[in-house]
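Protein chains: 2
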Amino acid sequence: MAQQKKLVEAITSRDTDFAKWYTDIVKKAELADYSGVKGCMIIRPYGYAIWENIQKDMDRRFKKTGHENVYMPMFIPESLLQKEKDHVEGFAPECAWVTIGGSEKLNEKLCVRPTSETLFCEHFAKVINSYRDLPKLYNQWCSVVRWEKTTRPFLRTSEFLWQEGHTMHETPEEAREETLKMLQVYTDFYKDTLAIPAVIGRKTEKEKFAGAEETYTIEPMMYNGVALQGGTTHYFGDGFAKSFDITFTGRDNKLQYPFQTSWGTSTRMIGAIIMVHGDDDGLILPPKVAPIQVAVIPVAQKKEGVLEKANILKDRLLDKDIRVKLDDSDKAPGWKFSQYEMMGVPIRLEIGPKDIENNKCVLVRRDTREKISVPLENVECAVNETLQKIHENMYNRALENLKSKTYTAHSHEEFLDIAASKPGFIKAMWCGRTECEEKLKDETGGVKSRCIPFVEEHISDVCVCCGKPAKNMVYWGRQY
Amino acid sequence: MAQQKKLVEAITSRDTDFAKWYTDIVKKAELADYSGVKGCMIIRPYGYAIWENIQKDMDRRFKKTGHENVYMPMFIPESLLQKEKDHVEGFAPECAWVTIGGSEKLNEKLCVRPTSETLFCEHFAKVINSYRDLPKLYNQWCSVVRWEKTTRPFLRTSEFLWQEGHTMHETPEEAREETLKMLQVYTDFYKDTLAIPAVIGRKTEKEKFAGAEETYTIEPMMYNGVALQGGTTHYFGDGFAKSFDITFTGRDNKLQYPFQTSWGTSTRMIGAIIMVHGDDDGLILPPKVAPIQVAVIPVAQKKEGVLEKANILKDRLLDKDIRVKLDDSDKAPGWKFSQYEMMGVPIRLEIGPKDIENNKCVLVRRDTREKISVPLENVECAVNETLQKIHENMYNRALENLKSKTYTAHSHEEFLDIAASKPGFIKAMWCGRTECEEKLKDETGGVKSRCIPFVEEHISDVCVCCGKPAKNMVYWGRQY
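Residue numbers (my numbering), protein chains in the order written: chain A, 1 to 480; chain B, 1 to 480.
Just so you know, these hints were derived from the structure itself, not from any lab.
Fair warning: there could be bad hints in the mix.
[Claimed, not checked] Simulated restraints on C-beta separations: (1) B/E30 <-> A/E89: 33 to 43 angstroms; (2) A/E205 <-> B/T65: 52 to 62 angstroms; (3) B/K20 <-> A/T150: 27 to 37 angstroms; (4) B/E104 <-> A/L255: 41 to 51 angstroms; (5) A/R316 <-> B/P375: 38 to 48 angstroms.
[As the list claims (entries may be wrong)] Here are some chain B residues the structure puts well away from chain A; computed CB gaps all over 10 angstroms: (6) E68; (7) P77; (8) N129; (9) S143; (10) D252; (11) Q256; (12) D279; (13) K309; (14) K320; (15) K403; (16) S404; (17) A420; (18) E435.
Note that CB positions come from ideal geometry on N, CA and C, so glycine has one too.
Bound conformation, chain A alone:
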C-alpha cells in the first residue's frame, strides 16, 4: 500500500488549494497537457475519450430534435465580421488574425473564427428563399479561437473545441421556442449524462452575448461554490438577418426577415466534471461519459486461474456494452486500485483466488468507496445497477452542494457579507440597472449576475444594491 499512499499524496487537497488540486488532476489523470503555443492545450487520449462520449450523447440529442450537422470555414474575412455592429465589438478584441497566406500578404485579413454567426448568416442568405426553406436547424462541431490572457486547461483556453447550433425560423415565437428548447436539451444532458445539477435562466443585458436580444444560460456550481457558465442559448430576433440581408418569401407572398438563434457548449464541460465531482483522490467520472466504466483488477494474478477468470469477467461485461478494462500489468494491485481511483473509473472489480473459490468478486464504488461482494453469476446485473446508482448519487451529492451553498441576501450589507465569507450563489433582488451589477461586482471583487431564473422568488421589494424598486430576483456568484 506504500505506492498507493504515494500516488494519493501527489494530489493537492481540494480544500487546501482548489486551483492546484484542479491542475494536479488534469495532469495526473492525463486529461490534457500544455503545448508550446501560449494558451493552447493538448487534449490527451483519456481526456479526448471523455469528449467523444460527450459528443456522441449530445449529437444524438441534437439529431433527435431535428438538427443537421454542417461545416463552415474556419476563417472570417474582416468585412464579414464587421457586418453586425454589436457582434464585432464583442469579438474583435479577442480575435487571432491571419494576415499572410501562401507567402503573400492578404488584401483583407482573416479572423480565425471565435464563433460562426457571421459565416452561417452569409450562407443562410444564399439558401433561404421561401418559407418552405425554413426552419434551418444547423449545428457544427469544430474548434474556435479567442485570444485569452490567462488560461487554464478546459476552463479558458485560446483554442477550444465546441458545438455551435445556428437556426433560422419563420416567426419570432418559433425562434424563441428553439432558444428555450435547446436550453432544456443542455439541462437534460447535464442532469442525465453528466450528473450535474444547475441553475438556469436568462442573462442580464450586461451579460448577454454580443449581438443577441436574449441569452439563456445553464450555470452549474463547482464544489468550491464558484459558478461555471455551462452553456448558453441566444435569441437574435431578426437583427443579424437585417445586417446580412437574409430574406424569404412568406406564406403571404411578402418578403420578410427570418428569426435566428444560436447555442453552444464546449470542452469546458470536462472542467465542470472535474470540479463538480472530483475529490482528493482524483477524478470521479459520471458513468455515462467515463471512457472506462469498470476496471477489472486481478489479485494474486500469478495464481492459477485468476487471469483466466478475470478475462471471462471482462468479456462478459464487454458483451453487455460496458466499457471495461482488465489491468493485468505487473504492477501491484494496490497501485492499480489508486491509479483507477485517480482516473475516476466508476467501478472496480477485484478478483483473486479466494473470490474465485467462493464464486464471487468484490465490487468497489468510486463515489462512496463501498465494497460489495457480488456472486459471479450476477456480475453484469450488479454492474449495471451500480452504475445507475453511482450516477444518481453523484447527482444528488452535487445538488446537495449547490443547495447548501446557495444563500439569500435581503440587504446590501448581507449581500457583501455573504460574498466575503461564503463561496456560493446568492439570491437577491435587483432593479434591472447595469450600474448596480457593476457596483456589486466592484464591491465584492468579482461577484456577477449569473441569471434571472424562470421562476423568481420574492425576497424583498427593493434592489439589494440601490434600494430602488426591484424588478427581478437574480442569482449572483463568482465564475470561472
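Given chain A, put chain B in place with the hints provided.
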C-alpha cells in the same frame, strides 16, 4: 415526367465536360457550397452526413487496430515548424500565418496547421521516456489549411477536414509494419465501405511526403481515367525524433530514438465517391456511407391507405437500422424519383394502391435502374440483400473501369502516345531517376508517377524514358 426531365437536363453530361459535371453534382446534390473566403468551402448537411458515415467507419477501424484519438492545437509556432528541414521546406510556402492575436502583433508568427507532425513530436518528447511508453498510437480528426491557388470542392481546398495518424515505435521494423498496416486499413476501407478499387504502392523519392523516408499511397482511378491520391502513409525513421530530441530508455537501458509514422485521409474521399461512381443523372452513393439508403416514395399518396402503408414500410426498415426516408411531400412522384436518383440514394421503394392490392412494392436500384417487384413481407430482406448487391456491383464496375483504362507502355513512343490519347494509368519501367520522372511529366503535360506497386510486372529491361537499365515498374497517370 416533365419535371423529372428538366431536373436531369440540368446536370452536364460527364462525357461532355467532366469538370462541369462534377461541380453540377456538388451543387445540385447540395453537398457543398462556396464561401466568401477564397478557397474555403461550406460542407452542407447532405455532404457532411456522408463525412460522418466515413468518420464513424474509419474511426472504428482505427480503434480496432489500437489507436487513440487526441487533439493538438491548430497553431504551430514558426520555430517549431522549422525544426525539421525537409518538412518546413515542403509546407512553409503554403502556410497561412497568424501575426496578430488579441489586437497585438505577435512576437512569433503562428502557422495554421497544414499537418501536425511537429506538434505531435513536441508532445511525444514530453510523454515518451521508456520503452514501456511505446508504441504511442495516436490519431486526430481536425481541419487543416494549405493555401491553394486553384481550388475545387472536396478535391483541393485551402481548408479541409481530415484525419491524421501519428505513431511512435520502439523499432524500425515495428514502425514500417504500422505504415503498411494503415495502408491496408485504408485499402480495406476503400473497398469494403466506399466500393472503390485502387492501385497501391510506394511513392518515388520525388513524390514522397516532406520529411518522410518512405511514403505509401492508395490511388483510385476516377471514371475519366484520372487518379486521385486517396490516402498516404509515411515512414519517418528516426529523423523527426532526432530533430525534436525524442528519446527513450530501451530494454538495454540505453537512451535511443523511437521510429515514427504518420498517415492521413481527407474529405477528398467524397470527391472520389462522386467521380468514381456518379453518372449523368447524378450521384450514386455506396450504400455503406449513403445518408439515405432507401427512399420510400408513395404513388397516388392521396388514395386511402397509401401513406399509412408507406409509413409502416419506413418503420419496418428503421427497425432494421436501415437509413430510410419517406418523402410524403406534395411533389409529383416523377419529380421525387429523379430527385433521389440525383442524390444517389441506392434504393427507391415505390408503393401505390395497385402494389398494396397485390401485397407488393416496387424496388428500384440506383446503380442498374433495375425494377424488382417485392412481396411486402420480404421487404427488409430484399433491401438488405440488394444493398449488398449494389455495393458489389459498384465495386466491380469501378474495377472494370480501372482495368480497362490501365495500359502498358513498352517504349518511350508508346508512352507518349498513350498519354496523349488514352486517359488512364500507364504501366511502364523506370530507371529510378527523378530527371526521367520530370521529363515524362513535361513531355505529357502532367503525367506523373503514381506509385511503385508491391508486386511489379516485368515489362522490359530498360527505362521507358532514358533507355538505361530499369529499376522498377511504375504506375503513371494524371492526377487531381
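Hint-by-hint comparison with the structure:
1. Look at B/E30 against A/E89: about 34 angstroms separates their beta carbons, and that is inside 33 to 43 angstroms.
2. In this structure the supplied range 52 to 62 angstroms holds for A/E205 paired with B/T65, their Cβ-Cβ distance being about 53 angstroms.
3. Separated by about 53 angstroms at the C-beta atoms, B/K20 and A/T150 break the suggested range of 27 to 37 angstroms.
4. The hinted window of 41 to 51 angstroms between B/E104 and A/L255 holds, with their beta carbons roughly 44 angstroms apart.
5. The supplied range of 38 to 48 angstroms is met by A/R316 and B/P375, whose beta-carbon atoms lie about 41 angstroms from each other.
6. A Cβ of chain A approaches the Cβ of B/E68 within 10 angstroms, the least distance being about 4 angstroms, so the stated non-interface status is violated.
7. Not every C-beta of chain A lies more than 10 angstroms from that of B/P77, the closest at about 6 angstroms, which undercuts listing it as non-interface.
8. Under the 10 angstroms C-beta cut-off, the non-interface status given to B/N129 relative to chain A holds; the minimum distance is some 14 angstroms.
9. Distance to chain A contradicts B/S143 as a non-interface residue, since its nearest Cβ pair spans about 6 angstroms, not more than 10 angstroms.
10. Residue-level check passed: B/D252 sits 19 angstroms from the nearest beta carbon of chain A, beyond 10 angstroms.
11. Non-interface call for B/Q256 relative to chain A: holds, since the shortest CB-CB distance, roughly 23 angstroms, exceeds 10 angstroms.
12. No beta-carbon of chain A comes within 10 angstroms of the beta-carbon of B/D279; the shortest separation is about 26 angstroms.
13. Every CB of chain A lies more than 10 angstroms from the CB of B/K309, the least distance being 25 angstroms, so the non-interface label holds.
14. Distance check for B/K320 against chain A: the nearest CB is about 19 angstroms away, which clears 10 angstroms, and the non-interface claim stands.
15. Chain A leaves B/K403 outside its interface by the beta-carbon criterion, the shortest separation being 36 angstroms against a cut-off of 10 angstroms.
16. At roughly 36 angstroms from the closest C-beta of chain A, the C-beta of B/S404 stays outside 10 angstroms, upholding its exclusion from the interface.
17. No beta-carbon of chain A comes within 10 angstroms of the beta-carbon of B/A420; the shortest separation is about 32 angstroms.
18. No Cβ of chain A approaches the Cβ of B/E435 within 10 angstroms, the least distance being about 27 angstroms, so the stated non-interface status holds.
In this structure, the earlier hints numbered 3, 6, 7 and 9 are contradicted, and the remaining ones agree with it.
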